[in-house]
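K.L.:
Letter by letter, the chains look like this.
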Amino acid sequence: MSPIGPLVLAAFLFSAGVYGVIARRNAVLVLISVELMLNAVNINLVTFQNLLFPGDPAVTGQMFALFIIGVAAAEVGVGLAIVFNMFRNRASVDVDDADLMRW
Amino acid sequence: MTGHDVVFVVVGLLTAGAAVLTVTSKNLMHAALFFAVTLGGIAGVFLTLAADFLALVQIVVYVGAVAVLFMFGLMLTRAPIGREALDGKNRGLAMVVAGGLFVVLTTLLIGAFGDLPTVEVTGPRIDDLGIAIFADWVLPFEVLSMLLLAALIGAIVLARRESGESGEELTVTRIQMAEDRDPDALEGEQAALTGGSGGTGDAEEEHA
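Protein chains in written order, with the numbering used here: chain A, 1 to 103; chain B, 1 to 208.
Simulated from the structure, these hints should not be mistaken for lab results.
Hints may be right or wrong, so weigh each one.
In silico contact screen, one side only, chain B against chain A (beta carbon under 8 Å); selected entries [claimed, not checked]:
hint, residue
1, H4
2, V23
3, A50
4, G114
5, V119
6, G123
Virtual Cβ for every residue (Gly too), placed ideally from N, Cα, C.
Work out the full structure: start from the sequences and follow the hints.
P.N.:
See below:
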């Protein structure tokens, strides 16, 4: 199996995440797009680990992917709490409405 | 092209299509469901890359927990549905940026890794993973556990209502038993009821 297939798929998923972050206005959908980008990075890490450096005794690539999954789960929890707080205070989850700190 | 590659191409196309639908869907709940499909597809990609444990973690953590959390988030925040309501005015800019990024990344990747020989996919065994976690990665592992605890407390503190603010007070209608009352008053009320001007009408309005 050539590493180029998974790498291109990861690049595509990352680009889709970038599109979602820029184009979407709903804060929850922006969070979903960020998760998409994190998953693309995970595919990259696993590809490099299993196809290019399969003999690494510390299994670095897969370990990084596991840690990213853990950190992403924590990020979703805090992010959704912030979105709920914003919804309670402003009755909207539109990221364009969250301009209180705009200079 | 081996059967392995064919499986990867099928799973990869499914994943990519679901990802596109995730970021372009007009319906919030459909977007969340397509996101769950994307995560499942990524678990399939992990399986074809011989990362079995990671595929299972992906299904348990992402499909099982994160996707459901996102659905809760979408249901608890009422938001308008429709393309104009969901996408901002910079959809064209987003298309240009994402497309340009994809072209640049793909060119770079093919230039850097396009001539690598195809190799047999081999993943570490699951006991190697366990030994690696608790030998080489034990400090990051413990730090991650503290991070999860901090995120848990932070999420509760952020999402909780302030103390003293306990929402709207509900009007409680007290249930009155007939035998608790004075028989004369009861008779008078019955007369008022049959008379047309309902004595209980006020209570019903209050309840509504």
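K.L.:
So, for every hint listed, does it hold in this structure?
P.N.:
Status of the hints after comparison with the structure:
no.: 1; hint: H4; verdict: 6 Å, holds
no.: 2; hint: V23; verdict: 4 Å, holds
no.: 3; hint: A50; verdict: 5 Å, holds
no.: 4; hint: G114; verdict: 6 Å, holds
no.: 5; hint: V119; verdict: 6 Å, holds
no.: 6; hint: G123; verdict: 5 Å, holds
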